[in-house]
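These are the residues of each chain, in order.
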Amino acid sequence: MNAVRRRALLAVPVAAAVARDVAAQPAVEEDFAAAERAILAGRTPVAGGIAIDMPQLSENGNSVDLAIKVESAMTATDHVTAIHILAEKNPVPRVARFALSPRAGRAEVATRIRLATTQTILVLAETSTGQVHRASRDVIVILGACVDGG
Amino acid sequence: MSGSITARITLPEQAHRGEVVPIRVLVRHPMDRGIDAPGLRPVPRRILHSFRVTYAGEEVFRMDLSPGIAANPYVEFTTVAVETGDLVFEWIEDGGAVYRREARLVVA
Amino acid sequence: MIGRPAAALLACAALGTLAAASEIRPSRDFLSPELRAQQDDPSRHPGWLWVEEGEALWRRGEASCQSCHGDIAGMAGVAARYPAVAADGVLLNLEGRIERCRTQHQAQRAFGYESEPLLSLTAAVALRSRGMPVSVAVDGPAAPFVEAGRRFYETRQGQLNLACTQCHDENAGRRLRGDVISNGLGTGYPAYRLEWNALGSLHRRLRACSLGVRATQFDFGSPEYLALELYLASRANGLPIEAPGLRR
Numbered sequence: 113m114n115a116v117r118r119r120a121l122l123a124v125p126v127a128a129a130v131a132r133d134v135a136a137q138p139a140v141e142e143d144f145a146a147a148e149r150a151i152l153a154g155r156t157p158v159a160g161g162i163a164i165d166m167p168q169l170s171e172n173g174n175s176v177d178l179a180i181k182v183e184s185a186m187t188a189t190d191h192v193t194a195i196h197i198l199a200e201k202n203p204v205p206r207v208a209r210f211a212l213s214p215r216a217g218r219a220e221v222a223t224r225i226r227l228a229t230t231q232t233i234l235v236l237a238e239t240s241t242g243q244v245h246r247a248s249r250d251v252i253v254i255l256g257a258c259v260d261g262g
Numbered sequence: 013m014s015g016s017i018t019a020r021i022t023l024p025e026q027a028h029r030g031e032v033v034p035i036r037v038l039v040r041h042p043m044d045r046g047i048d049a050p051g052l053r054p055v056p057r058r059i060l061h062s063f064r065v066t067y068a069g070e071e072v073f074r075m076d077l078s079p080g081i082a083a084n085p086y087v088e089f090t091t092v093a094v095e096t097g098d099l100v101f102e103w104i105e106d107g108g109a110v111y112r113r114e115a116r117l118v119v120a
Numbered sequence: 402m403i404g405r406p407a408a409a410l411l412a413c414a415a416l417g418t419l420a421a422a423s424e425i426r427p428s429r430d431f432l433s434p435e436l437r438a439q440q441d442d443p444s445r446h447p448g449w450l451w452v453e454e455g456e457a458l459w460r461r462g463e464a465s466c467q468s469c470h471g472d473i474a475g476m477a478g479v480a481a482r483y484p485a486v487a488a489d490g491v492l493l494n495l496e497g498r499i500e501r502c503r504t505q506h507q508a509q510r511a512f513g514y515e516s517e518p519l520l521s522l523t524a525a526v527a528l529r530s531r532g533m534p535v536s537v538a539v540d541g542p543a544a545p546f547v548e549a550g551r552r553f554y555e556t557r558q559g560q561l562n563l564a565c566t567q568c569h570d571e572n573a574g575r576r577l578r579g580d581v582i583s584n585g586l587g588t589g590y591p592a593y594r595l596e597w598n599a600l601g602s603l604h605r606r607l608r609a610c611s612l613g614v615r616a617t618q619f620d621f622g623s624p625e626y627l628a629l630e631l632y633l634a635s636r637a638n639g640l641p642i643e644a645p646g647l648r649r
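Residue numbers (the numbering used here), protein chains in the order written: chain A, 113 to 262; chain C, 13 to 120; chain E, 402 to 649.
Derived from the structure by calculation, the hints contain no laboratory data. Keep in mind that a hint or two might mislead.
Short, incomplete list of chain E residues facing chain C, as computed with Cβ under 7 Å [said to hold, decoys possible]: (1) Trp449; (2) Leu450; (3) Glu453; (4) Glu454; (5) Asn598.
Under 10 Å between C-beta atoms, here's a sample of chain C residues computed to sit facing chain E [claimed, not checked]: (6) Thr18; (7) Val37; (8) Val119.
For every residue, glycine included, the Cβ atom is placed at its ideal position computed from N, Cα and C.
Please take these sequences and the hints and turn them into a complete structure.
The following block contains the structure:
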């Protein structure tokens with residue numbers, strides 16, 4: 113139990129510290145392509161293995177439902193360690209990063225994101241075996257329906 | 013620093029050992045982007061940038077959030093029911109404030 | 402005689418296609434399947450964050466709501482009867498009723514319209530009527546208010562010269578700038594609107610409508626919007642309360 117805990121703790125802070133720095137410095141804007149390169153860190157992504165559930169046409173860019181399922185046994189030796197959501201045309205391309213362990217049981221997460229405009233959403237999933245899976249989806253974002261100010 | 017936060021955590025009250033349990037979390041927060049755009053009030057950035065969940069003392073889920081996460085953040089994830097214990101949900105806000113909530117999972 | 406149909410035709414053309422008036426349908430019928438499912442699911446509906454806060458407020462303090470009314474479950478059906486005319490002849494909506502309780506029975510300062518505590522408490526009380534049919538009184542002392550509301554609803558106003566009925570009856574179900582026009586019943590309010598990123602009152606929504614047709618925006622709790630709210634509720638009589646709703 114202790115060994116597992118220590119390993120988990122050791123595995124997380126390095127990646128988390130990087131993401132935290134990005135989060136803590138909003139003035140430094142990272143380009144979409146650069147963000148993907150940074151996550152890949154020289155690895156060649158494998159297409160597929162990821163199901164993205166998101167409306168093709170979003171009613172409101174303030175709140176877009178996004179669910180991600182990565183094919184994985186989620187065992188101690190072969191599991192998803194991180195899932196990244198990147199948005200091509202958002203001011204901050206790195207939308208979210210999820211850190212998972214075998215304790216998740218399944219590599220499935222869902223959240224709600226903001227989308228500035230019609231664009232491509234990219235999902236990268238890192239595994240404990242050193243692979244990176246990659247999938248993308250296009251989404252059309254309609255602007256708010258009503259003039260609001262009241 | 014620790015404060016109170018309104019959150020709605022949905023999980024089964026009971027689960028069998030080894031069952032994969034879905035957990036849904038809604039938390040009240042404006043997730044102020046600090047972006048000055050037409051129609052938006054220019055307010056300084058203030059978001060929950062980190063969300064961490066421990067279960068029976070061990071971290072089981074972590075999420076790094078950005079200004080691209082919708083206001084009143086929603087997140088759904090799963091965990092394997094291992095033993096009866098508390099799930100501790102912890103959010104960290106820009107500026108360092110930490111908010112914490114707990115929920116108990118009974119494992120049969 | 403020639404001018405009026407031409408003007409009506411123009412207004413309809415601006416909205417898209419011509420549509421025939423039909424029966425009044427529940428607001429949820431106009432939601433996308435995704436939004437409707439979310440409205441029905443407290444674990445995914447952010448409006449419940451306000452409900453939780455409202456339930457806490459219900460119990461707070463010595464002269465709490467609970468100390469007079471008991472458990473909030475006892476509020477079942479109350480929201481369905483508002484707006485209603487009080488004994489002194491004043492038309493009150495649910496927000497107004499709560500504010501009166503504050504000032505007259507709890508010896509507290511009013512929360513203020515559209516304040517977070519008032520929205521939360523209103524949502525928590527309204528939730529207890531969720532799914533119950535709207536049943537506002539339209540006769541007796543309510544009759545003149547219903548009539549004033551009906552006139553407001555049917556009168557063209559603003560730079561776009563549009564009456565509520567032109568959108569919400571003649572073009573209900575059609576799309577307007579990406580959204581679907583409902584029958585405008587207000588049964589989902591207070592509602593969480595994605596556009597607001599927050600819970601808001603019906604009067605906030607009405608102010609957005611007024612702005613949309615470039616007409617006068619009345620104050621929160623104004624007699625104009627209160628009468629309109631009652632008239633909308635009279636149109637919704639028999640249809641289910643959806644509060645807290647989820648709207649675009």
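Status of each hint after checking the structure:
no.: 1; hint: Trp449; result: holds (5 Å)
no.: 2; hint: Leu450; result: holds (4 Å)
no.: 3; hint: Glu453; result: holds (6 Å)
no.: 4; hint: Glu454; result: holds (6 Å)
no.: 5; hint: Asn598; result: holds (4 Å)
no.: 6; hint: Thr18; result: holds (5 Å)
no.: 7; hint: Val37; result: holds (9 Å)
no.: 8; hint: Val119; result: violated (21 Å)
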